[in-house]
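With chain A fixed as given, assemble chain B onto it according to the hints.
Chains A and B supply the protein sequences, listed in that same order.
Just remember that our numbering sits 81 ahead of the position in the first sequence, which is counted from 1.
Just remember that our numbering sits 4 ahead of the position in the second sequence, which is counted from 1.
In case anyone wonders, no lab produced these hints; they're calculated from the structure.
You can take every hint at face value.
Simulated pairs of lysine-lysine, DSBU-like, Cα-Cα distance not exceeding 35 angstroms:
(1) K264/B / K298/B
(2) K298/B / K197/B
(3) K271/B / K172/A
(4) K172/A / K270/B
(5) K197/B / K264/B
(6) K172/A / K264/B
(7) K210/B / K197/B
(8) K172/A / K252/B
(9) K210/B / K271/B
(10) K298/B / K210/B
(11) K270/B / K208/B
(12) K252/B / K333/B
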Amino acid sequence: MNETRTTAAPGRREVVATASTSLEARRRALKARRLRRGWAALGLVVPAAFFYVLFVLRPLVLTVQYSFYDWNGVGASTFVGAENYTRLVEKPELLASIVNALELIIYFSFVPVILGLLTAATIRKFAASRLAMVSRTVLFLPQVIPLVAAGIMWTWMLATDGVVNELMRAVGLGSITRAWLGDTSTALGAVGVIGAWVALGLCLLLLLSGMTKIDPALFEAARIDGAGAIREFFAITLPSVRQEIGVCVTVTVIAALAAFDIVYISTQGGPANSTLVPGLEIYYLGFFSREVGQASALAVVFMALVLAVVLPIQRLTKEED
Amino acid sequence: MSRSTGRSRNVAAASSVFLASILALTACSAPGSTTDDDATPDAAAPTAAGDWTCGEDDVTIDAYLETGFPLSAALFEEFEKQYPNVTFDVREDQFAVITQNAPRVLADNPPDLMRLPQMSDLVGDGLLYNLDEAAAHFGWDEWPASQLAQMRVDEEGRRGNGPLYAMGKNYSMTGVFYNTELAAQIGMTEAPKTLAELDEWMQKAKDAGITPSNQFNGGATGGLAFPLQLLMASYGSVDPINDWTFQKPGARIDTESNIKAAEHLKKWIDAGYFADDINSLDYSQMMGQFIEGKSLFTFNGDWESGNLDTQMAGKVGFFLMPPLEEGGKVGAMSAPLTFGISSKAANPECAAFFFDWIATNDDARTLAVEIGGSHPMGPADAFMPEVDADSVTGQTLSAGATIAEDNGAMEFIANATGAIYAKSWTPNLQKLVAGEQTAEGLLTAVQADYENDVNG
Numbered sequence: 082m083n084e085t086r087t088t089a090a091p092g093r094r095e096v097v098a099t100a101s102t103s104l105e106a107r108r109r110a111l112k113a114r115r116l117r118r119g120w121a122a123l124g125l126v127v128p129a130a131f132f133y134v135l136f137v138l139r140p141l142v143l144t145v146q147y148s149f150y151d152w153n154g155v156g157a158s159t160f161v162g163a164e165n166y167t168r169l170v171e172k173p174e175l176l177a178s179i180v181n182a183l184e185l186i187i188y189f190s191f192v193p194v195i196l197g198l199l200t201a202a203t204i205r206k207f208a209a210s211r212l213a214m215v216s217r218t219v220l221f222l223p224q225v226i227p228l229v230a231a232g233i234m235w236t237w238m239l240a241t242d243g244v245v246n247e248l249m250r251a252v253g254l255g256s257i258t259r260a261w262l263g264d265t266s267t268a269l270g271a272v273g274v275i276g277a278w279v280a281l282g283l284c285l286l287l288l289l290s291g292m293t294k295i296d297p298a299l300f301e302a303a304r305i306d307g308a309g310a311i312r313e314f315f316a317i318t319l320p321s322v323r324q325e326i327g328v329c330v331t332v333t334v335i336a337a338l339a340a341f342d343i344v345y346i347s348t349q350g351g352p353a354n355s356t357l358v359p360g361l362e363i364y365y366l367g368f369f370s371r372e373v374g375q376a377s378a379l380a381v382v383f384m385a386l387v388l389a390v391v392l393p394i395q396r397l398t399k400e401e402d
Numbered sequence: 005m006s007r008s009t010g011r012s013r014n015v016a017a018a019s020s021v022f023l024a025s026i027l028a029l030t031a032c033s034a035p036g037s038t039t040d041d042d043a044t045p046d047a048a049a050p051t052a053a054g055d056w057t058c059g060e061d062d063v064t065i066d067a068y069l070e071t072g073f074p075l076s077a078a079l080f081e082e083f084e085k086q087y088p089n090v091t092f093d094v095r096e097d098q099f100a101v102i103t104q105n106a107p108r109v110l111a112d113n114p115p116d117l118m119r120l121p122q123m124s125d126l127v128g129d130g131l132l133y134n135l136d137e138a139a140a141h142f143g144w145d146e147w148p149a150s151q152l153a154q155m156r157v158d159e160e161g162r163r164g165n166g167p168l169y170a171m172g173k174n175y176s177m178t179g180v181f182y183n184t185e186l187a188a189q190i191g192m193t194e195a196p197k198t199l200a201e202l203d204e205w206m207q208k209a210k211d212a213g214i215t216p217s218n219q220f221n222g223g224a225t226g227g228l229a230f231p232l233q234l235l236m237a238s239y240g241s242v243d244p245i246n247d248w249t250f251q252k253p254g255a256r257i258d259t260e261s262n263i264k265a266a267e268h269l270k271k272w273i274d275a276g277y278f279a280d281d282i283n284s285l286d287y288s289q290m291m292g293q294f295i296e297g298k299s300l301f302t303f304n305g306d307w308e309s310g311n312l313d314t315q316m317a318g319k320v321g322f323f324l325m326p327p328l329e330e331g332g333k334v335g336a337m338s339a340p341l342t343f344g345i346s347s348k349a350a351n352p353e354c355a356a357f358f359f360d361w362i363a364t365n366d367d368a369r370t371l372a373v374e375i376g377g378s379h380p381m382g383p384a385d386a387f388m389p390e391v392d393a394d395s396v397t398g399q400t401l402s403a404g405a406t407i408a409e410d411n412g413a414m415e416f417i418a419n420a421t422g423a424i425y426a427k428s429w430t431p432n433l434q435k436l437v438a439g440e441q442t443a444e445g446l447l448t449a450v451q452a453d454y455e456n457d458v459n460g
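The shape of chain A in the complex, shown without the other chains (with noise of 0.2 angstroms):
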């Protein structure tokens, strides 16, 4: 394409016609042009890769580094081998947190996924009126607060006297009121309901554009054939969203491993470690414990547990292309 592009202009002619006498020399211009335009490109990505190596290549490697060291961030270090994993296995706390992570998909995860696309389901057949630009904006607000700040939200409206009490008790559930955040059997849900209402939004959105490109044409097939909403959605729109599916779940799954600001701004790990996820543990193993090298090591386990539950989603949206 670009070699057409590039004959049929005006200012190459010459470099046609000498080309056309001799192939060694119209090769040797185009090795000259195809470097230029390599060390163009190279000098665009130069700048940007210098800074992922900076700032992400270099931790990580160096993070692998540390976690064969005993170390704690600014005296003398000690090689210690594998020890820093090998320790990992031994520490319940540790084992205890990554379930917490695995739990924590229910609620950062599939509860916004199943909520937006029954949400996105409604609101696309109204999508031409104003309600749906509003339930739209309404519910994708979420996504543009900063967590920080919807974690203190969040821990006002669940505390005993919050919001959330109250108007239970105003229905009639007086009963079963709590501090949801300081009871250990509620915490962690207490902390999947923050990150759900966080996600619905993205999900919402995403899934929304995915059957906004459906043809309405099918839709009307569908109906001509008899099919009621439900029929509909099984059989029309879920499987045409499949690939945003796969895009929602990558990234919620991803915010509930690595789920760091929503557990630290409202629970800190607790009550009793009830809430603590593999993200705080790190930081508590570094900044408090001043473990550098062991920190280090349950964050490459870590990493690598990420990969194993992502990858899969990621491959398993890719065989449905």
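Showing chain B alone in chain A's frame:
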């Protein structure tokens, strides 16, 4: 197609060389070795004036402080007025942030004055200025020894003895604040004299529909450690507790008397003397609720005295945790509000002079009492401003004298190691509230974590 593959091969090869060279640069030496070389406790930076003063030339003191305490700003202002050549360049953060950042800040951006968290680790890494010479010069060694003991660290990293590595702005003390209006409602007109009396008042408050205590215990800061440690002092001696926090070899927290104290706390929890939601309450929520009159007692420290005298004037009282038997010895968590100087600081002598000024200057001591609400550091017979004896500040100051007489000062058990508060006391105290931990189990678990921290 084949050409473009060749080209991408070239680019890929160039990129690989580029990446590999940068990655290789990052991973060639063991972490931390360079920092360690130039950070030794004795390697003090060139001094500002060479005579333990701030000199005549302009000096800027780089200060890194905990946010939310107005005393520091007041002291800086007064000092700048008295020594116009000195200016304070202040940076403030929350205490948790300072705790996390302390080693790196001291090493990379050395402040002349810094609020310190648990400090033995910092001394071990050679990050703090040795104040022995300053102590000798200013005569700090002649002050009551207990004032400085907690800021001494020996070669083994244990506190209590050895060179002086920090100074206090004042020393604070904990006990029990109570709302006098709510107390009057249940007939409590004076402070309880025994622990059994305190139990009775708690029960009476509960029966009257008043929350006996709304002690904070949420997040990573288990505030039940306050009443627990005070109960430990009621049930036993404070010395073994101090041995434990100072990491003396063989010291244990799961002693017989401490187990009884933990059982007493558990009894309070089971009796419903604490607010239902204490596992989600943080410190500021607790203070807000206490000031609003939502609970009778709060286990807290005299750093709130000035604040309570302003916000609850005439409606608040203070007493030390009562002993088991009337007239018995009392104890309190009492520690200096610790500040240190980076071993690489630019003006260590001026900073040390400032420490001495806080403890010896009459205006500074007045600020320490009136704004800080706590007892100033310094000689036992030093100037003390007049304080209304009925104010909470007056009550906490006289309680401080009782603690001094009984030799009942204890370092906070949460400061035994850098991680013990967030990672052991807090989750275990929260489990105690949730009914997932026993009194004895709490102390056994903390002891195990402590040994892991100290030996690990």
